[in-house]
Amino acid sequence: MRFSIPCVLLCGGRSTRMGQLKQDLLIGNANVPKKQETLANFQARHLQQWFLSLYFSAKFEIPNTFGIATILDLSLNADNAGKDFNQKIHLADARDWHKIPKSKFAPIFGLQSILEFLQCDVFVISIDTPFLDCDSIAMLWRAYTKNPKPTFAKNIKIHPLLGIYTLESLAKIKAQIAKGDYKLMRLLENINAQFVEIDEDKTLNLNTLEDYQKACKQMES
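Residue 19 is where the sequence shown starts when you use my numbering, and the numbers rise one by one after that.
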């Protein structure tokens, strides 16, 4: 099954607790280096099976072996917002990510950039959610197609970076940014989101080194 909605892998976080950019984490059997791949490649390889179009979202180009484009977050240079959206702003080096002001790392900036660039409803998933499967995506898709409104995963908590944002959400996103309010839970209230119960195991995030190590062992078993 392949879904017609574009999918965007969100890679805009600071990865403070992990200590390095999550998209660069190596996934696979550590005893067989040739079978290891970056988390970016791992996610891309799986998700391109299920979506007709796939993108990364970040503040710089995300290296990958599949030729998948990156939608650049123009919050790095507010003067370019609303101008030529195809203009690309590059850091001198991806390793310079730590030089970006902390205030620019709010996910809401990436959501604005994505919707402005694609001009359609989009499925989003954070790069550090490696266990989501096709059945879980289908559950979100069915709820969205039955009632076409913003639709997100929910279990012990709500997942504002795992689900579908509609193009109509863009106006609310811009309004919140203009007010200096970057809270995603408030955004979900403002866009009248609906929620779908998804198995917690499928929505696990790699937030810490311990999470990452556990995920590696699970994938090797």
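Note that these hints are calculated values from the structure, not bench results. Hints should not be assumed to be uniformly reliable.
Heads up, simulated DSBU-like pairs for lysine-lysine below, C-alpha to C-alpha not over 30 Å straight-line [to be verified]:
| no. | residue 1 | residue 2 |
| --- | --- | --- |
| 1 | K197 | K220 |
| 2 | K172 | K190 |
| 3 | K232 | K167 |
| 4 | K232 | K192 |
| 5 | K232 | K190 |
| 6 | K175 | K164 |
| 7 | K235 | K167 |
| 8 | K164 | K235 |
| 9 | K192 | K235 |
| 10 | K235 | K190 |
| 11 | K190 | K201 |
| 12 | K197 | K235 |
| 13 | K201 | K235 |
| 14 | K220 | K232 |
| 15 | K220 | K201 |
Evaluated hints:
1. K197 <-> K220: violated, 34 Å
2. K172 <-> K190: holds, 22 Å
3. K232 <-> K167: Distance of about 35 Å is beyond 30 Å: violated.
4. K232 <-> K192: violated, 38 Å
5. K232 <-> K190: violated, 38 Å
6. K175 <-> K164: Holds - the C-alpha atoms of K164 and K175 are around 23 Å apart, at most 30 Å.
7. K235 <-> K167: violated, 37 Å
8. K164 <-> K235: violated, 38 Å
9. K192 <-> K235: Outside the cut-off at roughly 41 Å; violated.
10. K235 <-> K190: Between K235 and K190 the Cα gap is close to 41 Å, so the pair fails against 30 Å, i.e. violated.
11. K190 <-> K201: holds, 12 Å
12. K197 <-> K235: violated, 44 Å
13. K201 <-> K235: The hint is violated at about 34 Å.
14. K220 <-> K232: Holds: K220 and K232 sit about 14 Å apart, inside 30 Å.
15. K220 <-> K201: holds, 24 Å
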